[in-house]
Every structure is written in C-alpha cells, then in structure tokens.
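Turn these sequences into a full structure, and let the hints guide you.
Chains as they are written, first to last, in my numbering: chain A, 1 to 467; chain B, 1 to 208.
Take the hints with a grain of salt, since some may be wrong.
Stated by the list, open to error - Derived lysine-lysine pairs resembling DSS-like cross-links, with alpha carbons at most 30 Å apart:
| no. | chain 1 | residue 1 | chain 2 | residue 2 |
| --- | --- | --- | --- | --- |
| 1 | A | K16 | B | K124 |
| 2 | A | K393 | A | K366 |
| 3 | A | K372 | B | K33 |
| 4 | A | K422 | B | K33 |
| 5 | A | K372 | B | K124 |
| 6 | B | K32 | A | K88 |
If you're looking for bench data, these hints aren't it; they were derived computationally from the structure.
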Amino acid sequence: MSRTPFEKIWDQHVVKEFGDGRALIHIDRHFAQEGTSGRAFDGLRAAGLPVRRPDLTVGTIDHGLSTLPGRKIDSYAASTVRNLAMRKNCHDFGVRLFDIDDPNHGIVHVVGPNLGFALPGCTYVCGDSHTASCGGVGAWAWGIGTTEVMQVFATQTLIMRKPKTLRASFTGTLPRGLYAKDMILALIGRYGIEAGVGHVVQYAGPAISALPIEGRLTVCNMSIEFGARGGLIAADDTTFQYLHGREMSPKGALWDQAMADWRALFDNADCQYDRDLEIDCSRISPQVTWGTTPQDVIAVDAMVPDPASATDPARRAMMERAIDYIGLTPGQPIAGTPIDVAFIGSCTNGRLSDLQAAAEVARGRKVAAGVKALVVPGAAHVKAAAEALGLHKVFLEAGFEWRESACSMCVAAGGDIVPPGKRSISTSNRNFEGRQGPGARTHLASPAMVAAAAVTGCITDVRTLLN
Amino acid sequence: MEKFTVLTGVAAPMLMTNINTDLIAPSHFPGKKPEQAVLMPMREKMFANLRYFPDGSRRPDFVLDQPRYRDVRVILAGPNFGCGSSRETAVWSLQEAGIRCVIAPSFGDIFHDNSYQNGLLPLKLPMEDIERIAAALDRSNASEMTIDLEHCQLRVPGMDPVAFELSDERRLPLLEGLDQLGFMMRSQADIVAFEQSDEQARPWAYPR
Ligand code: SF4
Chain A
1 MSRTPFEKIW DQHVVKEFGD GRALIHIDRH FAQEGTSGRA FDGLRAAGLP VRRPDLTVGT
61 IDHGLSTLPG RKIDSYAAST VRNLAMRKNC HDFGVRLFDI DDPNHGIVHV VGPNLGFALP
121 GCTYVCGDSH TASCGGVGAW AWGIGTTEVM QVFATQTLIM RKPKTLRASF TGTLPRGLYA
181 KDMILALIGR YGIEAGVGHV VQYAGPAISA LPIEGRLTVC NMSIEFGARG GLIAADDTTF
241 QYLHGREMSP KGALWDQAMA DWRALFDNAD CQYDRDLEID CSRISPQVTW GTTPQDVIAV
301 DAMVPDPASA TDPARRAMME RAIDYIGLTP GQPIAGTPID VAFIGSCTNG RLSDLQAAAE
361 VARGRKVAAG VKALVVPGAA HVKAAAEALG LHKVFLEAGF EWRESACSMC VAAGGDIVPP
421 GKRSISTSNR NFEGRQGPGA RTHLASPAMV AAAAVTGCIT DVRTLLN
Chain B
1 MEKFTVLTGV AAPMLMTNIN TDLIAPSHFP GKKPEQAVLM PMREKMFANL RYFPDGSRRP
61 DFVLDQPRYR DVRVILAGPN FGCGSSRETA VWSLQEAGIR CVIAPSFGDI FHDNSYQNGL
121 LPLKLPMEDI ERIAAALDRS NASEMTIDLE HCQLRVPGMD PVAFELSDER RLPLLEGLDQ
181 LGFMMRSQAD IVAFEQSDEQ ARPWAYPR
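Shown next as structure tokens:
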C-alpha cells in the first residue's frame, strides 16, 4: 500500500520530528493579506527579526477595500490604517506586494493560483481560512492564525500535528445547471461542517477530474466549511496546462522536472485513507442554504426542513435558531423566497468561469425591481478577462453593478453590506449570523443560481432559465 | 505568554453548537459605523451579534451580561467552538475579556491552535460532562470552578473532581508560559540544512 499524496507531501516537508506525530514543517509559499498580518509584522519589528524568505513570501490588500469604480486605498475609512500599514510593512520587510493598482491585485486565493505562486506538492499558507482553495492545483494549502503568520515570516516553518486523511469521491456526471459549488455544498450538507476536522481532504472521482481548475479551486475553497485542515485535488494534465507559463511557475528544464515530480506524487492508485466518503453527482439538484451554517443546505426544489424532524436535541435547537434568524417557515418550498440582494464574487466564486455562468443567465434579462445586484470580480485579472469578453456589458445592461475586485459583501467589507433583516443570495462561502452584516440573512448558492434569483427576484431553480 | 497553572473563576454556559469565530469576534458592531467599530476594544465587540439586536440595543437575555457572570473566566460551550474564520482576534477578544479557558467537546482546528499559541486553554471534554458541570454550577452560589492544569483535574462545587487528559506537548508550554517562536528559533540550523538539501531535490520550488 503506498502513501497518499498528502502523506508524501508531509514527508517531503519535515525539517525535524518532535514525536507524537508533531513535526517542524517547511513552508514553500506564504501569501500575506493585510487583515491578519499587521500584528505579525509588528512582532517581527519588536523582536528585531527579518522576513526570513522574502523570495517565498508575497502580499496583497484584499479585505478592507471599497469596490466602487475609481476606489483608492483609503476610500473605505475603517480599513485605511490597516491598508497603509500593509504597504509600509511589505516595503520595510522586502515583501513583494500586489498593491491595489497592480494587474495581479485581487483576493488572495484568486491571485495565488493565477500567478503560479501555488504549485502542486507545495506547502502553502496564508492567514486566512480559505487558503485551502489552492488545493485545487494540488498544493497542501491551509489557513493559519496571526501568531503563525509571524512564525512563518521568521522561520519559514510551522510546528504541525500530522492530520488524518479523508477521501471524498464524487462519482457520476454533473448535470447541466450544476457547478462545483453545488458539489461541495452537497458534500457538506450530507456529512456536516465538522466531518473534516483534523483531516486533509482529497477530493477525487470522475466528477472532480472532469472539473476545470477554477471549479477545483471552488471545491477546495470550502474545505474549511467542512472543518478540514486543507483539501487537495491530484494534479493532472488539466493542472499542468493551467500552470504552464504562468508568471511564477517554474520555467524550462525546471518545469520538466517539476512535472515529473508532480506525476510521481499524485500516482496514487492503491493508497488507503483514514476515511472515505462519497457523493453521486448525477443525483444532485442545484443547492441553496436555508440556515446559518453551510451544512444547512437543500436542493432548490426541496422544502425548508422542520426542526421537529431532528432526533438530536442539539441539532434541533440549532435548526430552530437558524430558522428564526433566517425568517423562513418549516415546510415551505425554498424556491420562490423573495430576495433583496444578490452578490456574485468572493474567493469561492469570483473567477472568470463563475462570471461566465452568471452572465449566461443574466444575458438579455433584467434584475428584478427592488433587488440590489452586485458583481465583484475576484481579482484584477478576472475583471480584465471578463471585460475582454464583454461580460461587464451583459451585467450592466441587466442592471447589475460592476465593481472593482476585493472581498466585498462576502464579509460585509469595504462598505458592501447587507442591511439588517434583508435577505441576500450570495456566491460566497459563509451564511453565518451577521457575516454579511448584523442581522443580514444569507443564502449560499452557485453563481448561476444567484443570477437566476437576481433576475426573478426570488430563489429560483436556475435550470428553468437555461435552454 | 502568561502561564496557565491553576485557575479558579466564574464559568458561564454557552452550550450552543458551532459558535464560529465570526460570532466571537465580528467585523461589524450592530448599530455602529464601521469606522467607529474598528476603534472599539475587542472585548466590547466580542459576541456582539449575540449580545445586541441589529439596531444596537442590548438583548436582555445574553448570558455574559447577567450579573452572575460579570467576572467570567471560563466558557462552557457546545461542539465545534471556534469553527470558521482563522481570525486570531477571536482568541484575543476572549482573553481581553478575562477568559482563559473554553471547555467544549470539539473545536475548529485553527482556533484550537491559535488558543494554544496565546495561552488560552481549549479543553476538550465530552458533552455529558460539560452539561453536568453546567448543572452543578447553576446550583452553586458563585458559578466558580477550578481548572487545575498541574494535576489535570477540574473541581466544581457539588461534584467529584473531573479528570481530563492533555498531552504534555500541549500542557507543558502552558504551564511554563513558553512562547512557541522562541522554541522554533532554536531549530535555525536544521531549517538551513533542510532548505539546502530540498533545493537540490526540488529546485523548481525555489523561485530565482
Ligand atoms: S472573499 Fe470572503 S472568504 Fe474569501 S478571503 Fe475574502 S473575506 Fe475571506
């Protein structure tokens, strides 16, 4: 029995073992973002330490930015101090910063793979829980806290406890009108938000292999919503084609050696995982959440569940609280629920293919009266590519707002906030109480589903709008 | 890092499942503008969406605002405490509010690690035990319990002591107040040696 790809990656990065499964793990890539690195830079300064490997470290400013056209670094007052500190910190410590006018600017997890900064078989960290996105190109990527950000700055290592392995196999073929977002929501809905705790998930199976890289990034993005310490997908020809020639990808002979190493790493015909789960993609419908965790998810043609049906009292209490917060009635069809806000963007679904899927629905239609609909590309390169295809015109003609890239309404940042009691449908990853603003009600769904809700004014099965 | 040896203090029950880090340390404050909220102390923003209505008025029933729990040092929680965002402000908020220990059946991985980095003890105990402790504290006068990390024991009025398990590699740094970076810095030579041989083996992983 051979080792799993994750176990091989672990072994390749052990600097030193401490016993009990703990090891000092070398970090290949570190992407710093302004929200969680300020205190880490301050700590370095206080201790008189440099960033040990500025060549393996880059930074961006993505959370606290206005997304209004013509925005500046200080357009959103609440974040100005932090944003300017990031500029100064990166300058002082010699870290390459993708500043807000840089063509490589954007949400950290959208930028990393696009640059070829995230590579298969690499350890990749960022002070942000959705770092696992980069598992979509075969990196072991995970989110860390600010103290750990400082440790990586100072030592290029982290003390890790070896996670267990879990394989989530997606069988069957994804039907039309369904996307990577539906796959990961279906998995979390079926097994729960705690199922991945302590594990690195490997997403496998024919429906995963069939996904283009952007879809793989979406699946891996929500690994943290499954509780996992990272999620990865075997690098294959799709991955190599995607990474070849990117700015920070290896070049020439190094590229050839990298590809050979990556093929060997992910040649995993007969390995054993600590846990195996399965989802049959041919049997799922478009997914939409009804509650306040990503596991509170149902098919768009289903009914809002009744908490009384839960046998576990703790689960029942959670469901009652969620129903009360979200303002729905048990037993009502979720489709037809009126919405106030539609948000397309975030590190989960702010890539070109996401905007294309949404535009396919929006084309020739109009945003329903009274609905505020936003499209926020996940990065400058996404915005440029979308504009080259004319997608911005499709959205603008339909009545969507077309914005600059940043985290935006995913986390009620930069001034993009859902007012109290208003109902939002969002392509982001968290429907937590207060996440999109105090009292905001969030339904998570795919970009096509969000576009469908925007043009009909209510939660709608997108399959009825596709021809 | 402040040492954690024996702690006696008020424990408050928040037995909800999935108290995520957005709930613990929200990025907004109900009823306040973002630029006002950003200047507030973390302990005041802690649990703001559980503590206040969206318009900024207080919810009268929020547990930590009851007089009995004013000096809270310990939180008794349900499963998956600290899931979600990696924000370390979740740990710092709790600490600013005087809380040094959260007892729950399970924790989000990142919060769990962040806690140890800061000397906040995330103690895992079965839910039945947590419910028994909460019930005993409810019957007691002061809601005070003792967490004895030296002897791995919890003492609660009206109950037999409850033993817990914690590996030495987790326990000793807390007892001594040891900062992990100091420990890691002692491995500098190993890191240099690793990078030299790794760059030979995987030259493509090192940008030039
Ligand atoms: S888009 Fe949302 S989830 Fe992604 S990094 Fe930004 S705030 Fe976090």
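Status of each hint after checking the structure:
As the CA atoms of K16/A and K124/B are separated by approximately 28 Å, the hinted pair is consistent with the 30 Å bound. At roughly 12 Å between alpha-carbon atoms, K393/A and K366/A fall within 30 Å of each other, so this suggested pair holds. Restraint check for K372/A and K33/B: the C-alpha separation of about 21 Å stays at or below 30 Å, so the hint holds. Restraint check for K422/A and K33/B: satisfied, since their Cα atoms lie roughly 18 Å apart, inside the 30 Å limit.
Note on K372/A and K124/B: the hinted pairing is violated, with a Cα-Cα distance of about 44 Å set against a maximum of 30 Å. Restraint check: the Cα-Cα separation between K32/B and K88/A comes to about 29 Å, which is no more than 30 Å; the hinted pair holds.
Consistency with the previously given hints fails for number 5 only.
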